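Asker: Chain order of the listed sequences is X and G.
Position one of the first sequence corresponds to residue 5 (the numbering used here), numbered consecutively onward.
Position one of the second sequence corresponds to residue 166 (the numbering used here), numbered consecutively onward.
Simulated from the structure, these hints should not be mistaken for laboratory data.
Some hints could be false.
As the list claims (entries may be wrong) - DSS-like cross-link-like pairs, simulated, lysine-lysine; straight-line CA separation at most 27 Å:
| id | chain 1 | residue 1 | chain 2 | residue 2 |
| --- | --- | --- | --- | --- |
| 1 | G | K250 | G | K226 |
| 2 | X | K154 | X | K277 |
| 3 | X | K89 | X | K154 |
| 4 | X | K54 | G | K167 |
| 5 | G | K250 | G | K167 |
| 6 | G | K226 | X | K154 |
| 7 | X | K120 | X | K54 |
| 8 | X | K265 | G | K250 |
| 9 | G | K167 | G | K226 |
Computed from a predicted model, the values in this text were never measured in an experiment.
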Amino acid sequence: MRIVVASGKGGTGKTTVAVNMALSVGNVQLIDCDVEEPNCHLFLDAELEKVRDVNLRVPRFDMDVCTRCGICSEACHFNAIAVVKGELLFFPELCHACGLCPLVCPEGAIGEGERKIGRIDRGETGSIEFYRGVLDVGEPMATPVIRELKAHLSGRDAILDAPPGASCPVIESLQGSDYCILVTEPTPFGAYDLSIAVDLARRLGIPFGVVINRDGIGDACVDEYCEREGIDIIMRIPNDARIARLYSEGIPFVNELRERKEDFARVFDRIRKEVVG
Amino acid sequence: MKIVVSSEAEGLDAPVDPRFGRCAFLTLVDTGSMTANSAPNASAMATGGAGIAAAQAVARKGAEAVITGSVGPNAFQTLSAAGIKVFTGARGTVREAVEMYLRGELEEASTPNAAGHAGMGRGLGRGSGRRKGGN
């Protein structure tokens, strides 16, 4: 079973839920897909080792063979190649490494080069196998790193910590998952961004439920929204100073708060029942 | 002389569109006859590289200069490679911008005057800084 922890709004507690759930159920893979700013490891007692670099297969132009015909530039869906006044310009940060340009070049002037955009790290703690992706600073495309991360899913139960938002990296994280946990906070901001994430999960056809973090702050708009939409609220994490204190010390709160650990294990079992049917 | 002005609508009396890569129309102005020929900017809704695509469109029109509000680094590099001069900070209508240019009141840009963009992504909204993500 593959569960993705996502949210519309950032800073609602995705990592908190992903890490604490993994520690509560044990014997799972925990995958940090928030490759722009991965932070699951801050709460884990695991030594990380690099597994591999993530490279994009970008075009390499043989300028002696290239006739500047501009066919590759016209074919490129991402405007990464410009041909003007007999000059070819390549913008590597726009290249999605789709591999189209070598196919359309009538001169065979385009070969393949590699460009490193990030890396995959691995670690273990207890019965948890942890992976994280790290996107290099200044690189705009997170999706290829997440795709590479997902290649390390072994088939055992996995919990994926998704990036915030509802754009391509989130979609890549969600694709192929059995269930999506949407973490929100009970504020108007939380409710609005939750509605966008709900829309995304519905479009992808992935079953989902909502976790309200810091329950007790804000107002009732998330509860009202979920009631209106018929969405399950599968967990409430109270706005508790003990949880905040443990968080600030980098300690997963299920290590100290037994009732919360049981709650996570219960929710995990409930999700499995829903997924298995 | 042929100049392309980024514009919000068609014709000489359309307002200048301050964005280059994502402007609504590319309006080609013949400064001799003061006639205009506007075409929708095909890259206005591009997911990335809009400035590069718009710069190539300008080059295909045979323009010698571009008048716009601001231009990013990729568009600037492409326009420069094509030998097209870039005049930024234009305001008012297309006609007024061209007249300002003819009076020598617009300054030629020697560097891009807008931050780079790359695709659509999280955190920063359009135009508020470097954007990330998206494929």
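Asker: Hint by hint, say whether it matches the structure.
Answerer: Structure-based check of all given hints:
1. G/K250 / G/K226: Roughly 14 Å separates the two Cα atoms, so the pair holds.
2. X/K154 / X/K277: Status holds; Cα separation ~24 Å.
3. X/K89 / X/K154: 43 Å, violated
4. X/K54 / G/K167: 56 Å, violated
5. G/K250 / G/K167: 11 Å, holds
6. G/K226 / X/K154: Not satisfied, since the Cα-Cα distance of roughly 46 Å exceeds 27 Å.
7. X/K120 / X/K54: Distance of about 14 Å is within 27 Å: holds.
8. X/K265 / G/K250: 65 Å, violated
9. G/K167 / G/K226: The given pair, whose Cα atoms are some 9 Å apart, holds under the 27 Å limit.
Comparing the model with each earlier hint shows violations of hints 3, 4, 6 and 8; every other hint is respected.
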